[in-house]
Amino acid sequence: MTSAITCSNITKSFKTKEVETLALRGIELDVIKGEFLMLVGPSGCGKTTLISIMAGILHQDAGNCTVQGQCYNQMTHNELLDFRAKNVGFIFQSFNLIPTLSVVENVAIPLIINRIERHDAIKQAAQMVEKVGLGDRLDSAPNQLSGGQQQRIAIARALVHNPSILICDEPTSSLDHSTGVKILELMRSINKDMKTTCVVVTHDARIYQYADRIAHMDDGMITDITHNGA
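For the sequence shown, UniProt numbering assigns the number 1 to the initial residue and increments by one for each residue that follows.
FYI, nobody ran anything at the bench for these hints, they're computed from the structure. Just so you know, not all the hints are guaranteed correct.
[Said to hold, decoys possible] Each computed SDA-like pair below joins lysine to any residue, with the alpha-carbon atoms no more than 25 Å apart: (1) 33 / 209; (2) 182 / 218; (3) 195 / 130; (4) 15 / 62; (5) 33 / 15; (6) 123 / 22.
[To be verified] Label-pair ranges, simulated between beta-carbon atoms: (7) 19 / 70: 42 to 50 Å; (8) 146 / 218: 21 to 29 Å; (9) 205 / 113: 17 to 25 Å; (10) 76 / 146: 37 to 45 Å; (11) 123 / 25: 24 to 32 Å.
No residue lacks a Cβ here, since even glycine has one placed at the ideal position from N, Cα and C.
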């Protein structure tokens with residue numbers, strides 16, 4: 001099996017004047033290409049820190065993170081930015097939609113960053129919004145959408161540039177269970193139909209069934225990996 005993401009002996013700490021907190025302690029993890037992996041564990045165990053390193057948003061203190069065969073440690077800052085913009089989609093816990101832009105303009109942002117002409121970017125963005133079932137809300141402002149609709153738009157924005165990897169931080173945390181299930185079903189269908197590798201952080205045990213594997217974290221370490229057979 002081919003690895004989409006390989007974390008080798010990843011260590012990360014955060015320092016203040018008073019204290020140093022060790023967030024990750026020698027993480028070893030392979031994410032298999034095309035799988036749907038969930039990261040679970042108590043608050044503060046290092047889940048968000050780990051996916052931020054996987055996404056190239058945060059740099060580890062020690063160890064290596066290799067994504068699609070490319071080692072982040074061997075990239076310049078600009079090379080990393082370019083690689084991330086083309087290969088990684090990230091869904092933030094708080095959606096992070098820009099309130100002054102319409103739905104379709106929000107979704108077009110990654111394409112514009114990748115230097116796609118605005119007209120073409122808007123056209124591609126509209127097609128992705130259609131795929132997540134909100135084609136009738138292209139010109140709406142984010143504050144005119146429900147929480148579930150905003151999450152769908154965040155998913156569309158993360159996928160519009162056809163990344164090979166989708167990383168999600170608590171995608172259902174602000175949604176009721178019924179809406180959360182619909183979001184996970186959408187993400188699972190994207191995983192299967194687009195062959196997108198998905199890494200999802202969650203606290204919600206009710207949605208574990210959607211994972212292929214579940215990596216359990218505690219105190220900055222991977223303590224167990226279970227196979228779900230989803």
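| task | Any hints from earlier that this structure breaks? Give me their numbers in increasing order, please. | result | 2, 5, 6, 7, 8, 9 and 11
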